[in-house]
Each structure stands twice: as structure tokens, then as C-alpha cells.
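Listed here are the chains, written in short residue letters.
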Amino acid sequence: MMTLLKYEILRRWKWLAFRYIALIGLGVVFYNRAAATPMQYEIAAASMGKFFLISLIVFVIILVEGINMLKEDLFEQSGYLTFTLPKPGRSILFAKNFLLLIQLILWVIVSIQFGSMFLKFLPLEEMSQFMSEIDLNIYPAILFFLSAFFNFVLMVQFSLTLTRTLLYRNKYSGIISVGIFFLLAYLIEQFYYGLFLVRVQHIYSEIAGEIQVDLISAGYSSVVMNIILSVIFFTATAYLLERKINI
Amino acid sequence: MEHILKSSQLSKYFYQKKALQKVDINIEKGKIYGILGPNGGGKSTFLKLAAGLLKPSEGEILIDGKKPGVYTKSIVSYLPEGNYFYKWMRIQDALSFFGDFYADFDVEKARQNFDFMKLDEKEKISSLSKGMLGRLKLSLAMSRNASLFLLDEPLNGIDPISREKIITSILEAFNPKSTIIICSHLIVYIEKLLDYVFFLSEGQIILEGNVEDLRNKKNLSIDQLYQEVFQS
Chain S
1 MMTLLKYEIL RRWKWLAFRY IALIGLGVVF YNRAAATPMQ YEIAAASMGK
51 FFLISLIVFV IILVEGINML KEDLFEQSGY LTFTLPKPGR SILFAKNFLL
101 LIQLILWVIV SIQFGSMFLK FLPLEEMSQF MSEIDLNIYP AILFFLSAFF
151 NFVLMVQFSL TLTRTLLYRN KYSGIISVGI FFLLAYLIEQ FYYGLFLVRV
201 QHIYSEIAGE IQVDLISAGY SSVVMNIILS VIFFTATAYL LERKINI
Chain G
1 MEHILKSSQL SKYFYQKKAL QKVDINIEKG KIYGILGPNG GGKSTFLKLA
51 AGLLKPSEGE ILIDGKKPGV YTKSIVSYLP EGNYFYKWMR IQDALSFFGD
101 FYADFDVEKA RQNFDFMKLD EKEKISSLSK GMLGRLKLSL AMSRNASLFL
151 LDEPLNGIDP ISREKIITSI LEAFNPKSTI IICSHLIVYI EKLLDYVFFL
201 SEGQIILEGN VEDLRNKKNL SIDQLYQEVF QS
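Read top to bottom, the protein sequences are chains S and G.
Every letter in the first sequence is one number past the one before it in the numbering used here, and letter 93, counting from 1, is 93.
Every letter in the second sequence is one number past the one before it in the numbering used here, and letter 51, counting from 1, is 51.
Be aware that one or more of the hints could be misleading.
[Said to hold, decoys possible] So the derived list for chain G, only partly shown, Cβ under 7 angstroms to chain S, looks like this:
#: 1; residue: Y86
#: 2; residue: W88
#: 3; residue: R90
[Stated by the list, open to error] Calculated Cβ distances over 12 angstroms to all of chain S for the following chain G residues:
#: 4; residue: K12
#: 5; residue: K22
#: 6; residue: L62
#: 7; residue: V76
#: 8; residue: T168
#: 9; residue: Q204
#: 10; residue: N216
#: 11; residue: K217
The hints are simulated quantities; they were obtained by calculation from the structure and are not laboratory data.
Note that this is a predicted model, so its numbers are computed, not measured.
Where a beta carbon is used, it is the ideal one built from N, C-alpha and C, also for glycine.
Generate coordinates for the entire structure from the input sequences, incorporating the hints supplied.
The following block contains the structure:
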């Protein structure tokens, strides 16, 4: 697994390094701009906004790359190298997604670090009032974000792999993958909100007499659901890669 | 008689196209086989099925008694057509890559092959000419002590000097414990290597036999026989 991870890093380390150096570099530039004009909250807020816009772009790049890491091997000749290695499908898939996790953790660390640095330039009283109003609990939020992110990526990876399994060199493979993805999203939504949560709420209301908890907004059920779905999609994709794929 | 590869009633369909139709092939250990036929005949499909890159539509293929999977990939050395290396790789990276993943890869043998093929380890693979790329692919594939070598069109697009080097390299690398299957339509160059041939056309075997027997029986070289079979 570590050897696979090593080559996944070697395959794209220049881009990896570039994007974090660029994010940190621009973060320092915007931070210095905010620091040079103390008490001017508009400039600080504008600098912070620009930094988070750059951060968002980097996030989108990480997401797209997470999908492309597998797509390249499925749809390009490099697949002949990757999928003739004496390694199980789960190891190949895990290495790619582990690199994605490392990238995501780095992105979260850099973004939170700069975010907290920028907060110092904003009016303290208003910020603390704002933070108490939104009642943001950072760790559950990160947990939800990570589980939703990987659920999304693994669902796309499954759609791509299923397309490659069912269809061989079809020029519409890309569109069909997108179609499979939306079909899965629709089915999950129907099951999750239509069957799963309604049933749970119904059971809860029977026990407690009345619905006191909004399970949807509570978020934890979503985290559990995301984790279950991620495990299902990972297992199914690894199985297809090893047993059913047509490259 | 030990078989390293056995296919029975092996078929592969791509939508309406029948790439392989009920193919029965038994490959013995310690010989060099040729699967010969025109483009689109099903040669590459057969090798991909053996390499585990495609799954049969019907029938089965067994390598060393097992269906293609992690084990068979550890004993099969597959050389596909085209440039399948990662874009960032230099020759030395490909050398490390093979060394890291294949327990049977002989780094020293690969370096000797590079010298023989006049390949510079520092060179970027994406900048190699087609001839040099062919030399590199063969150098790496033949540096494994694999039980089965699958060579898909190793001479396609290769200049005559490289072709000679590649054929010499195959002959030198071959040992009686291993088996080689070569798919090609450039018969004249590989004829001298082969022990046994299958002629494959439109997914079906239309002729097969021991090379010496076929030559004697038909009083033709394999290349002439190929011309006769596929031009008729």
C-alpha cells in the first residue's frame, strides 16, 4: 500500500507542492496587507475574503484531482500499468483516496490557520457575538465535511468504474458516468429522506410521544449515513476494479 | 505436459462485435507461441483477457490453473501496445517502479538490457521515439523472471534496427522455464522465434500447429502460409 501511495505522490508531487505553496504564499500576502492597515476592518475583511476565495479554488482542484486520479487509470493507457500490478483493487483505490485525505487535511489546516490569523484583524466584540450566534461547533462540522466529501468522491469513482465495467471504449462514457452518479444521488436521497429518516422520526415520535428533535439538522445521522455509503461505494468499486473491469 | 495457460470456449463481445468466439487455446510451458492475424482479429483481446485487463463474456481462461487476478499478475509479464507509462516518468523511474512492484524483476538484467538497447536512464519516457519506446518496453518486460510473457505487437512501428535488437533480446531472455506468447502481424521478423502458431481471424482460430510441422506439411514458410491464408 505504501509503495502505491509513494507512486501516487511521485505522479503529481509538483502540482501538490505548487498548490500549497501558492495558497500559503497568497495567504501571507493577504495577511500582510491586513496587518499593514490596522483597525481598517474593510481591508482586513476584503483580504480574508480573497484568501478564502483562493482556498475555495484549491479545494475544487483537490476535489477534481481526487476524481481524476482514478479516471486517468480507467480511461487512459496508464491503466495498463496500474491494473497489471499484482495488487488488489482495494489497495489501489485506498492509496489514491489516502493521498486525497492527506491533501484535504493539509488544506483544512492551512485554511483554519489563516482564518484564525485573519480573525484577529476584525472587531473582537462583533466577531465573538457572531460566533456565538451561529453556534459553530468546529469538530462535528469537520467530521460532517470530511464524510460528505469522501461520500461524494467515492460515489463518482464508483460511477466511473461501473461505466468502465459495463461499457468498453464508449465515446459517451463520461456522460453516462454523470448519469449514473445522478441516478445514485436520486436513489440515496429517496431512501435516506423518504424511508430512513422518516422511519426513524416515526419510531422516535412513538417512543417520545412527540417529535422534539429535528434529526435532519442534527447532522450526526448524516455523518453516519455518509460513512456507511462511503464504505459501500469503496467496497463495490474495489470489487469492480479487481474482478469486473474492462480496460 | 504442463500448461501455463488454458482457455476454454473463451468469448469476448463488445456490444454487437464478437472479438473472440469460443476460443480453445492450451499453452505449454517452455515454448514460444505466436498468435498471428490481421488487425481486429482478436489477438490483443486474447492477451488482455490473459493479463486480467478484460473479463470474458463467456468461457474461461486460466493462468497456472487460476483465473486472472493478483496471483496471475505476479507471474505474468505483459507488454501492451502504445505508451502506457506515467507521463512524469524517466527511464530510471520506470526501472524503480518495476523493481518495487514485481518480486521477480531483475534490476541488473534490466540495466544490461538498457545498455544493449542503448537506452539512457536519465531520459524522459515521453520524449522517446517510437523505436526507443519499443526497446524500453521490451527491456523492462523481459527483465522479469516471469512464468508467462505476453507481448502484444512488440515490433509495431519499430525501425528495422530496433526490430533486430528486440528479436535478439527476446531470444536471449527466453529460458526453458518460461513461456512467451507473441501477437503480431509482422510474421517475417518473428517467424524464427516461434515453436507453435495460432492463426486468428475474426475472433476464431482458423489454423494452428507446430511451426516445423506446418512448414513441412505445406512446404511454405509461416510468412508465406500467412499470406496464403489471409489473402484467400
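query = Okay, which hints does this one fail, numbers in order?
reply = 3, 4, 7
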